[in-house]
Amino acid sequence: MPSIDKNNDRATNEFNQYVKPVSLWADAWKRLRRNKMAVLGMWIVAIYMVVTFGAALLPFKSYTEQEMLHINLPPSFKPAGVVALGRLEERKVELEAAITRSGRADLKQDLTRIENEIIQLKGEVDTDPKHKRVYILGTDYLGRDMLARTIYGGQISIMIGLIGTLTAAMIGIVLGSLGGYLGGWVDNLIGRFVDLMYSLPYMLVVIIIMSMLPTGSNSIFVLYIAIAMISWLTISRVVRGQIISLKNSEFVEAARSMGAGSGRIIFRHLLPNSLGIIIIYSTLQFPSFIMNESFLSFLGLGVSAPRASWGTLVSEGVQGMQLYPWRLLVPAVSMTVFLFAMNFLGDGLRDALDPQSKNRN
Amino acid sequence: MKRVLSGLLLIVMAATLIVSCGGKGPAKGVEFVMNNGAEPQTLDPSKIQGVPEHKIYMALFEGLVGYDPKTSLATPGVAESWTVSPDGTQVTFKLRKTTWSDGTKITAQTVVDSWLRTLDPATASEYAYMAGMVVKGANEFNAGEAGKEAVQIRALDDYTFQVDLLGPMPYAVDMMAHYTFAILPMHVINAKGEDWIKVENIVGNGPFKLAEWKPQESLTVVPNDKYWDAKTVKLSKITFLPIDDNLTAYNKFKAGEVDWAHGIPLSLVDEIKLRPDYQVAPQVATYYYLFNVTRKPFDDVRVRKALTMALDMQELVDKVTKGGQLATSSMVPAMEGYTPAKGPTFNVEEARKLLAEAGFPDGKGFPKTPILYNTSDGHKIIAEWVQESWKKNLGIEVTLLNKEWKTFLDTRSNAHDFDIARAGWVGDYLDPNTFLDMFIIGSGNNDGLYANPEYDALVKKAGTMKAGPERMATLQAAEALLIAKDQAVIPFYHYVEQDLIDTTKWDGWYANPLGVHDWKYIGPKK
Amino acid sequence: MSRFIVRRFLSVIPTLFIIVTLSFFLIRLAPGGPFSGEKKLPPEIMANIMRKYHMDEPLVKQYFRYMGDVLQFDLGPSYRYKDQTVNDLIGNAFPVSVMLGTMALGTALLLGTIVGITSALKQNKWQDYAAMSVAVLGISVPAFVVGPILMLIFALKLKWLPTSGWLSSRAGALTLIMPIITLMMPYFAYIARMSRGSLIEVMRSDYVRTARAKGLKESVVIRKHVLKGAMLPIVTYLGPAFSGIITGSVVVEQIFVIPGIGRIFVQSALNRDYTVIMGDVIVYSIILIAANFVVDILYGLLDPRISYK
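These protein sequence lines are chains A, B and C, in that order. The numbering used here puts the first residue of the first sequence at 23, with every later residue one more than the last. The numbering used here puts the first residue of the second sequence at 307, with every later residue one more than the last. The numbering used here puts the first residue of the third sequence at 1012, with every later residue one more than the last.
No lab work stands behind these hints: they were computed from the structure. Using N, Cα and C, we set each Cβ at its ideal position, and we do this for glycine too. There could be a bad hint or two in this list.
Stated by the list, open to error - Output of the computed footprint for chain A on chain B, the stretches with three or more beta carbons under 8 Å from beta carbons of chain A:
hint	region
1	617-630
2	641-649
3	661-672
4	677-691
Start from the sequences, fold in the hints, and give me the full structure.
Structure follows, in structure tokens:
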């Protein structure tokens, strides 16, 4: 427990030896930098932030522009026209094979159309600049660039994840520690309030909130509120549990006997000792906020099409994964890499802020 | 750890063995499994209102008339034959001597009592208005304005049933295949009340009878040996599964666990289309966008026309929906004897000209309008395509606004709080009227608040006319007003029924306009 | 302790009452009703329906009627599934979900603690990184991705398992495997990561250091002191997790066609099937309150330092 002696302004460690006075944060930062995985995680998160939030300034394609001749192109470094032509030729072979099996009229129409498209594309492929585009991560069901869609999708998903995690941690910590430390009726009241919030039909509550807004106001702000509303419930119970188990331990008794007030005990002694679990739980919650957003967008909350979040991109991708695996893999892998980085960073932070490990690494 | 896992595996395997040994009885006849797409809301024909329920109804019950498996028109059911009076306003049915699955006789009085039960306000049937559209006095009784004696239906003798129509309605008999006109086991209903529908009580007169119903899981029927045409029935058991996840349903079909899957996963249409067991047939149904014609700038027909003409519906069905849907510019799908009126088609230059005339040259100054649609991947893709097409062809920016189903309905149909909204209409019977009478002033389904007295007059006039080309011409004139002149809606395409069933293996299943498939004809191919 | 239990139990009843009352009035505020559809019903028909379900009465009267029925354990008719009462619907689906949820949570708890302990003991070694990567993957990839992928591999490609269905279908217990795996993944991840973190913390704590200093064998220290103390956050988590896994398995139920309660929860809200929503709220709050209650009692048993005064 580092404690700063106000009289002589010198810090002591637990064996009452003077140590170099470093703040908790500077010290944590030093230790964080020593953790290779955490540093890697930090870099990845930083790159994601720069790329997604600075997307408009970077030379990416439009995430809305559709090109009917470039529908569902696989990732490739070749020009789009060449890839599209290859796909059409493949389709032609497939259709011809299918026609020999069933001879349905709609297949024959499709074949004629594909043949015309091949002729059209062959004529344009060398002249039209749009066929010179390169879709390194492929295109979607309307011929839009997957890379651009995934990057713009990251904006909303990362924001939601961060806001959800932060509000959850803040509200959860305050209410959880109050309930756990004070106990009695305060604890009971907070506990029952949490039960109430869990039990109300969340989906309908969101629908009702939305219906009360004037039409056309589809603000992201409401989405944040909807996420924040339930994000803190479980974490407050986890914090409460930690506080309850720690509040009778020796070091708290010691602090109390030295005349420390409740606030000081909670914030200087109990919470730092629960920080590990809080950080782990928070980083674990991150992906669930991202998924929650895609569920809320089903209700019409949040970004509207053609803008998509990672969650919606992934859920669209799943449906067609047998035929167009890149439509699932591109957003799913982007998201997973980011979540891995967040977890390593979270672990690093946990270790760095752990009061027990101070000066011992 | 390893030991725990292998132990678990052993238990699971043993359980499987026991279950699978117990489950398989001696196989008799041919079993058929279909995915019905949803859990049936009810089996009570008076309260049915959806497609999955209808499929089960077709197995358990039979009305006076049934559906022809190829044309969907009326075929003899409980009625052997029928005659229509010369002025077309009275139909007399001759009933065959047949019984319920418990042996109780079905008489003309049963039919009278059944119809009256469905119309009774206390039954609170949602589809009672179908009967109200054709049967004289039905609406008055259902609305509680008159007693049941007001309903003009009667049993002339045990096997002769007569009904008076509101006018010379040519589609009335075809309509009577609908479940609103079901014949019900009144002796069971009177004895058991609301519980008559429980597996242990239910009695039917269809080709099959209920064997088991595990809600949210499966429903099985087996042949009804009391059915008058029992010899035609070929299947020994039908299992209805309530799978609403199209991907799972498709996977189940692919794995051979399902014989008939209705509906397909949109994203896999490229693969499914190539399958020889993919069945696609035009449906009497239209996908369209509605304008709220009371709002600016959509009160200007030039704006409505410009927006319509900037959309290439052929591109939509070829590149976006891809399931074989039929691009259209008409509200009513083509039907026997009816040629739909044509609306304006894709023409960018003309569209830009009209938009400029309306005061928005190159889309300048056009308000940022939201397109309202209910959340679904299919609707979203179309809306995204529309948005981009208008941007590209007209230079106008619109936004997309999705809502979950019930909120969407409330916004569109009750509050009329939209500028442009997505809609779809499935015909209830094979007549243009089912697509046109909703646009008359004051109709509950006139969500865009279209109001043209001339149109109303034409539709109402057609309602009093006898079947024939003249009546169809009147309806066509009405449609021309709605589409070609006023452009109250933008028709996109006519839906298609998309089914997966191997017709080289199964006989008696034909793609047909209403997508209704009588179970008694379906059987293995010889 | 017993005084605590009594006091806690007494607070359950008003909590339930408030939840039910609030929900009853709240859900009526949502736009749309149980009987709205693409084809709007004529007003006369709507009036018949409203009368039949007493929905034409003032809301307060409906509330008292409903509460009266609930006290007699009658949750009313479903407006959508007209042949079934809410008691039927929940009664059929609840056991299925409890079975699936318990098996999934049990598996998650077993695997999660094993992986968590392994990780904690091998902290910052490759076993740790591998285990934690699996956990992060488990929580990053949502059920609606895991489910279809499993189905594609094990049912369609390898043909080892049936695509979907529930116990009573022909394939029997084999149908359980994919739903359990899909359902347990995120719970497994939470438990693995939380138990690792909590173990590491406890292993560094004073009382464990004391135990070690006393010369106790490492395995004894871990079993007797570390595990017991480290279980606390997991036990806390299990309360909400238990109610969550039983009622929140809608995606898994939909993909694998399982007649569970998760679908009923979601569909009733989307269908505005008021009585079913109310039934869900009651069932869910009872499970949740009971689970949290049990957790609070477990605290005292797991950690002797905790006392309820």
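Hint-by-hint comparison with the structure:
no.	hint	result
1	617-630	holds (count 5)
2	641-649	violated (count 0)
3	661-672	violated (count 0)
4	677-691	holds (count 7)
Consistency note: the structure conflicts with the earlier hints numbered 2 and 3.
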